[in-house]
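A.B. asks: Okay, here's what each chain looks like letter by letter:
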Amino acid sequence: MTRARSSAALLLLFPAAAVFSVLYLSPLVMTLRESLKVHESGSIGGTPGTWTLSNYSDLLHSAYGNVLFDTFFFGVVATLISLTVSYPLAYYINGVRRIWIRKSVLTLLVAMLFSGGVVRVYAIALAVGPAGFLAPLFSAAGISPNAILFLEISLIIGLLNFTIPIVTITLLSAIKNIDMHLEDAAQTLGAPRWVAFFDTTFRLSIEGLISASILSFAICVSAFVVPMILGRGIIVFATNLIFSRFAEVTNHPSGAAIAIVLLLISVVIIYGFLRLFAKREQRAAA
Amino acid sequence: MSMKSRRKRAIDALGGTIFFTLVALTIAFLVTPILMVLVMSFDGREFLGPFPPSSFSLQYYESLFGSRVYMAGLKNTAIIAVASTVIACAVGILAAFALVRYKFPGKASVEAFFMSPLIVPGVILGFSLLLFYSAIGVLDGMWRIIFAHALVSLPYTIRVAQTSLAGIPSTLTEAAMSLGATERQAFFSITLPLARAGVLSSGVLALAHSIDEVNVSIFLVDAYTTTLPIALLSNMRQQFDLTIAAASGVIILFVVLLIVIVDRLVGLDKVIGGGVHDRAR
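Residue numbers (this note's numbering), protein chains in the order written: chain B, 77 to 362; chain L, 20 to 300.
Honestly, the hints are just simulated from the structure, not real lab data.
Careful: at least some of the hints might be erroneous.
With the C-beta cut set under 10 Å, the calculated list includes, among others, these residues of chain B facing chain L [as the list claims (entries may be wrong)]:
| hint | residue |
| --- | --- |
| 1 | Lys179 |
| 2 | Pro206 |
| 3 | Leu210 |
Stretch by stretch, here's where chain L covers chain B in the computed footprint (C-beta under 8 Å, at least three residues) [to be verified]:
| hint | region |
| --- | --- |
| 4 | 94-102 |
| 5 | 266-277 |
| 6 | 340-353 |
Derived, one-sided and incomplete: chain B residues facing chain L with beta-carbon distance under 10 Å [unchecked claim]:
| hint | residue |
| --- | --- |
| 7 | Thr123 |
| 8 | Gly125 |
| 9 | Trp127 |
| 10 | Leu129 |
| 11 | Val161 |
| 12 | Ile200 |
| 13 | Gly218 |
Note that beta-carbon positions come from the ideal geometry of N, C-alpha and C, so glycine has one too.
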């Protein structure tokens with residue numbers, strides 16, 4: 077019986093395992109191999125049978141360092157801002173008593189998750205563009221549309237448009253499971269409202285904050301259309317560099333090396349963040 | 020009233036004001052760009068003028084539906100979305116069933132492996148799939164993208180199917196089997212119909228995912244096959260034409276329809292996970 081059952085499990089898992097190993101693992105392994113091949117100018121891919129680390133050492137050049145720095149810097153900034161503005165929003169949705177408000181804000185957030193990335197980037201580009209409603213704000217602040225600061229701000233606005241909905245929904249599902257009576261109790265015992273909030277609800281939602289920041293950071297680091305359109309080729313993310321190695325410069329080994337470095341750094345950061353949290357939890361339990 | 024409690028009230032009132040302003044600004048920040056695109060898509064002017072438009076017309080919708088590139092892209096997007104969703108749902112449900120009903124060594128690692136594509140940036144998957152497809156000689160853009168989208172949707176369909184299958188008591192299957200049904204019969208006539216809502220919503224998720232996918236597809240399109248979002252993107256890079264606004268209007272309408280379907284099927288609250296101490300219900 078047990079053997080029959082475990083073979084049934086294997087049979088059911090087989091299609092998924094096949095899809096993942098053929099279309100996910102082997103392509104990634106192929107990218108790793110490609111990144112170690114010699115590239116001769118004029119050809120697209122690497123020369124078969126060769127072996128080199130030069131595709132990686134080329135990345136030590138400061139231009140590439142800047143691209144990686146920008147990728148992670150904007151990821152961190154957008155994540156911090158979206159946590160700050162999404163927490164009040166999630167808290168509000170959780171507490172609002174009028175069902176229709178709750179329902180329409182939720183619908184808006186889910187609609188934003190579902191609606192196309194291209195559509196939303198276009199909307200932001202239109203909003204910061206000369207005909208857009210944000211243009212007067214920029215000119216009032218004295219920021220010219222050609223300034224680097226203009227590009228940086230519109231890039232962050234673009235990233236926030238993607239991170240806020242997912243961060244809010246993640247935080248909302250964390251806050252939903254917290255008993256709001258704790259906050260009421262703290263207030264009854266004399267704590268000011270904000271102290272009551274930070275001592276009960278906020279502390280209990282730290283796990284949600286951690287998963288929300290991981291999600292937000294992962295979205296920013298893998299953003300491609302946002303920097304492509306709103307960075308206008310001046311602010312470049314690692315993803316854009318990989319694409320240009322495929323579409324413009326056609327140097328696959330170099331593109332593969334950038335892909336491997338980007339993947340490794342993001343996995344290390346996400347894993348490190350999770351580990352940090354696990355330690356915290358252990359200490360709290362002890 | 021004592022000084023102290025008056026000060027406490029003032030701080031609370033200030034905090035409340037900041038809180039509501041922040042919430043209102045955030046909602047406005049999210050809604051305004053999309054609303055602006057919707058209004059601009061009905062612009063009657065021939066050029067990209069300042070907001071709001073001085074006259075209205077359907078000219079950009081006409082040029083959208085009259086464009087051969089966009090319509091071919093729309094057709095490809097529809098075929099790719101349906102085909103990849105069918106593959107992802109079928110494969111995902113089988114795997115989810117195995118993960119929910121059976122215990123086997125290494126189960127946690129298998130689960131983690133199945134979810135791991137979620138942290139790999141789409142561009143890296145697209146680039147790697149390009150190398151892979153070229154090496155094994157799959158050159159047709161349509162097939163390349165169908166299987167790529169099935170892969171990208173699979174973690175979602177597995178996760179959603181797992182949640183909905185976990186809610187079905189295994190005693191029902193056992194009862195059917197004690198009445199003489201085989202395990203397969205029990206799965207198709209008891210478990211699957213009960214998991215219908217979850218299965219359908221994972222399908223909607225996969226559809227929505229495939230329809231706006233760019234990061235992977237952009238590496239895999241060929242000279243004859245392009246998708247709607249990629250056609251829109253390349254148009255956006257060349258000229259800033261309001262036909263894209265009209266296309267956005269159509270896509271938003273479609274998304275709203277999908278959400279209404281999900282809401283009717285399972286309820287939006289379920290999508291984000293039910294709460295234990297939920298005050299609003």
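A.B. asks: Run every hint past the structure and note whether it holds.
C.D. replies: Here's how the hints hold up against the structure:
{"no.": "1", "hint": "Lys179", "result": "holds, 7 Å"}
{"no.": "2", "hint": "Pro206", "result": "holds, 8 Å"}
{"no.": "3", "hint": "Leu210", "result": "holds, 9 Å"}
{"no.": "4", "hint": "94-102", "result": "holds (count 5)"}
{"no.": "5", "hint": "266-277", "result": "holds (count 3)"}
{"no.": "6", "hint": "340-353", "result": "holds (count 3)"}
{"no.": "7", "hint": "Thr123", "result": "violated, 15 Å"}
{"no.": "8", "hint": "Gly125", "result": "violated, 15 Å"}
{"no.": "9", "hint": "Trp127", "result": "violated, 17 Å"}
{"no.": "10", "hint": "Leu129", "result": "violated, 19 Å"}
{"no.": "11", "hint": "Val161", "result": "holds, 5 Å"}
{"no.": "12", "hint": "Ile200", "result": "holds, 6 Å"}
{"no.": "13", "hint": "Gly218", "result": "violated, 20 Å"}
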